[in-house]
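Kindly generate the complete structure, drawing on both the sequences and the hints.
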Amino acid sequence: MQRHDMPQSLDGFLDIRAMLRLVRQNLGLDVAFIGEFVGDRRIFRHVDADAPSTLIEGAGDRLDTSYCGRVADGRLPELIPDTAAFPEAQRLAATRTLPVGSHLSVPIRLSNGMVYGTFCCFGHAPDHSLNERDLAVMRTFAGLVAQRIDRDLQAESLLAAKRGRIRRLLDEGGPSIVFQPIFLLDALAPAGAEALSRFPADPHRSVETWFTDAAEVGLQIELEHRAIANALAAYAPVWARHRVQLGINASPAAILAPGFTDLLAASPADRIVLEITEHERIDDYGPLLAALAHLRDRGVRIAIDDVGAGYSSMSRVVAIRPDIIKLDREIVRGLDGDPMRQALARALVDFAARCGCKVVAEGVETPGELAVLSELEVQALQGYLLGRPAGIEALERVFAQGARRVDAMADAG
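Residue numbers (our numbering): 1 to 413.
Hints may contain errors.
To be verified - Once the Cα atoms are required to be at most 20 angstroms apart in a straight line, the calculated SDA-like pairs of lysine to any residue come out as:
1. K358 <-> R296
2. K162 <-> P107
3. K162 <-> D213
4. K162 <-> R151
5. K358 <-> R397
6. K162 <-> A201
7. K358 <-> I221
8. K358 <-> L219
9. K358 <-> Q342
10. K162 <-> L219
11. K358 <-> S315
12. K358 <-> E375
13. K162 <-> Q180
14. K358 <-> V317
15. K162 <-> G218
16. K162 <-> P200
17. K358 <-> R301
18. K358 <-> D323
19. K358 <-> R243
20. K162 <-> E216
21. K358 <-> A400
22. K358 <-> A293
23. K162 <-> R198
24. K162 <-> I221
25. K358 <-> E393
As the list claims (entries may be wrong) - So the derived label-pair ranges between C-beta atoms look like this:
26. G164 <-> A266: 53 to 61 angstroms
27. T261 <-> Q25: 51 to 59 angstroms
28. S157 <-> A353: 34 to 42 angstroms
29. P339 <-> R198: 30 to 38 angstroms
30. E280 <-> A93: 46 to 54 angstroms
31. T209 <-> A309: 15 to 23 angstroms
32. A59 <-> R91: 29 to 37 angstroms
33. R198 <-> D338: 29 to 37 angstroms
What the hints contain is simulated information worked out from the structure, not anything from laboratory work. Yeah, the Cβ is synthetic: ideal placement off N, Cα and C, and Gly gets one too.
As structure tokens, then:
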């Protein structure tokens, strides 16, 4: 029997179906499959056949009436060139119904020692050329399959952990919200705040990671909507006493999801700044622009976050035409000592002025940065130099100190 040449690269081996096909074709057999042992049953997880087969992926049968079961318990050998030579094989219904004339089966053993199932190949007719070398090839591929399954199981375990972590947070009413004040350049009067999500302390999991994890497990929309709802609820008493703005962050997916506009229904729309964050590429701006137009009609102002961070942020500015652009903190950091950053910031401020946009500079941490931004005449500032993120009580004190000035400027704006 002629054997097919093995490929030189192992890249294709990472795909279990490709491995099944390669082994089956190399051995000249008719069907190859991966069977998982689940209790007393065998489940066909992957099947490759030369012609349409009665073995259906996802289907299963009793383990103790299968070749896999007989090989696993030692009643049949792993290598069977001719099933007619084994009375135990003749007692199995599959020998006649499939039919099975030759058969090879090796265990798939995972890194923890557990037998996942078996890697099996069979032919409809006997094949006396099958030998121990072929069985060794099967064992090698079973090892590769075990590595892939190990990796997949580990990935599933990680996803389950992420899903459980985020689900618990949501069930407990999280995330919590802090607010970082935003100040107008003129007299550094507080004009509002940005709502920022906070999560249980974990030095290895940033705020961005929580949202990335949520997207991976299908909870991104729920997490973003919850964060917005919590922010608006916490800020409601502030609006009752002060005419100030609130910036809330939302991805395009969250904005387009059902229920988003309902989140804002009870809040003063003309005091909301919707900051569009970038979690995914936007291929079609049409639906997003339509949703933003509806929000603008209600009085919501639109901001683009992290402008200047890359080409994609500028593309969003051009497509969305925001009311406010927020300079990325990487541009602001060290601005007073870097002529190139100053040139870029100046270009963006000039661009915004020509387009009728306001500019908020994020990440202001030093008096030198503040001085340059004042020269550039940005409209507003945000950063640790002026105010750190804090709870609503601390924010109320900031507003109370400048209440008259804030009210006057808000009315003028």
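Here is what the structure says about each hint:
no., hint, verdict
1, K358 <-> R296, "holds (16 angstroms)"
2, K162 <-> P107, "violated (31 angstroms)"
3, K162 <-> D213, "holds (6 angstroms)"
4, K162 <-> R151, "holds (16 angstroms)"
5, K358 <-> R397, "violated (26 angstroms)"
6, K162 <-> A201, "holds (15 angstroms)"
7, K358 <-> I221, "violated (28 angstroms)"
8, K358 <-> L219, "violated (33 angstroms)"
9, K358 <-> Q342, "holds (18 angstroms)"
10, K162 <-> L219, "holds (10 angstroms)"
11, K358 <-> S315, "holds (17 angstroms)"
12, K358 <-> E375, "holds (15 angstroms)"
13, K162 <-> Q180, "violated (28 angstroms)"
14, K358 <-> V317, "holds (12 angstroms)"
15, K162 <-> G218, "holds (11 angstroms)"
16, K162 <-> P200, "holds (13 angstroms)"
17, K358 <-> R301, "holds (11 angstroms)"
18, K358 <-> D323, "holds (6 angstroms)"
19, K358 <-> R243, "holds (18 angstroms)"
20, K162 <-> E216, "holds (9 angstroms)"
21, K358 <-> A400, "violated (25 angstroms)"
22, K358 <-> A293, "holds (18 angstroms)"
23, K162 <-> R198, "holds (16 angstroms)"
24, K162 <-> I221, "holds (15 angstroms)"
25, K358 <-> E393, "violated (28 angstroms)"
26, G164 <-> A266: 53 to 61 angstroms, "violated (32 angstroms)"
27, T261 <-> Q25: 51 to 59 angstroms, "holds (56 angstroms)"
28, S157 <-> A353: 34 to 42 angstroms, "violated (52 angstroms)"
29, P339 <-> R198: 30 to 38 angstroms, "holds (37 angstroms)"
30, E280 <-> A93: 46 to 54 angstroms, "holds (51 angstroms)"
31, T209 <-> A309: 15 to 23 angstroms, "holds (18 angstroms)"
32, A59 <-> R91: 29 to 37 angstroms, "violated (22 angstroms)"
33, R198 <-> D338: 29 to 37 angstroms, "holds (31 angstroms)"
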